[in-house]
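Read off the chains here:
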Amino acid sequence: MFWEVTLNLLKGFGTTCELFALTLVFALPLGLIISFGSMSKFKPLKAVCKVFVWCIRGTPLMLQMIVIYYGPGLVGQWAQGIDNPSMIITWLAGWTVFDRFIAVLVAFVINYACYFSEIYRGGIEGIPVGQREAGQVLGMKKSQLFFKVTLLQVIKRIVPPMSNEIITLVKDTSLARIIAVYEIIYAGERFIKAEGLIWPLFYTGAFYLIFCGVLTLLFGFIEKKLDYFRS
Amino acid sequence: MAMLEVKGINKKFGKIEVLKGIDFELNKGEVLSIIGSSGSGKTTLLRCMTFLETAEKGKVFVDGNCVFDADEQKRVGSSELRKRQLNFGLVFQNFNLFPQYTVLDNVCLAPKLLAKDRPDFRVSKKEIYAEIEENAKKLIERVGMTPRIDMYPCQLSGGQQQRVAIARALALNPKILCFDEPTSALDPELTGEVLKVIRSLKDGDCTMVIVTHEMNFAHEVSDKIIFMDEGVIAEQGTPDILDNPKTERLSAFLNAFSQ
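Chains as they are written, first to last, in the numbering used here: chain A, 181 to 411; chain B, 41 to 299.
Source of the hints: derived by calculation from the structure; they are not laboratory data. Among the hints, a few may not be true.
A short, non-exhaustive set of chain A residues, derived as facing chain B with CB atoms under 10 Å [unchecked claim]:
| id | residue |
| --- | --- |
| 1 | S220 |
| 2 | G319 |
| 3 | Q324 |
Here a beta-carbon is modelled for each residue, glycine too, at the ideal position from N, C-alpha and C.
One chain only, chain A, in its complex shape:
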């Protein structure tokens, strides 16, 4: 029985890991783009980014998942009911619900990108102006300044808040359960209905613990690697 449960949970855990990894892959760069936007000197872009971050950080991730999952279908339905459709309306009428996993992934990427963008912004704005000025008088291009001078210092500054956020992400993946994505919690829950067993659900905690433990070690390692300089 134990092995059967473990195998089942591992299957769910696979989805959990997939969601976790894909969220990071897309949200880490997207967050950087949003952070540049919210630091932009071009006021309208800055305003758009700030409002967007406010909306995403100001509403629950669970709600965002539901909106992204059901939203397109509702738009499609509404568009189909309109007479004499224009080009755009016809296009909107083609909208249907996303695949469950895609919907969850989109919601996670957007949500985490916004949180990451604020961490990046804090890290970049925390670098003393003197560093930029020193690079400037040494004739560096803006891109050289960013990659050769600022970037590593920013990374050093953001490792602790990032590790916090990333560990939260591990556990947030369980929210995918709400629109029936087969992740580990869902896998554990099934044993309650099918076999009347509750311990498999409790057992899922071990998977999270091990995963987060590995991440904690990894971030500790990175912090130590960057310990050789102080900024």
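We have chain A; now place chain B onto it with these hints.
For chain B alone, coordinates are given in the frame of chain A:
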């Protein structure tokens, strides 16, 4: 001919006029010290010269070439601006070394990045880098930091960091080397080692502009002194003016200093 010519520099921060028409000249190999109380505009003047601030009016010439003209500044492209920037080196009050690089890499970084624009970079990258490092090692020796060449800035004292910063500025061979209160962030006992390095540069033929509060040092090392007060040059001349000030403002300033 003058190495550095500054003509009619005006700078405002909001409504406050910080520089009200600054003119001066400096010959090749000469050392100019700019003195004055805090808020008199001396650091702003230096920052305008080194393009960290943009003046609203005025021109700057180096070696007869116009490197700054407030009227056409907006039309100058960023690569041309960087090229013009390299006429000046700047040593900061708080060093601003790059913390993640060793002493050697701090000195080498900018020359190596600039070398990428050279047409022969791809073919002879190794030779170019070796040459840059060789030159950097000589400069580090010149500021007496060879024993600590592989250390990181956080492992150095303030005076040592400032000496590395001087080597870093020299590595790009600027025509004019500027110092913004280079010893103001240092303990008195560390000040000496930095002043010694600056003094030794004078024996080469470095043209230097130094903003400083070290009156004795200014007197000893300078060919020319400018005393600034409320955004104008209140008095200028040879270091003699420190002994025999002609204006009341300078004598008041010097009196306050000697007390």
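Violated hints - listed by number, lowest first = 1
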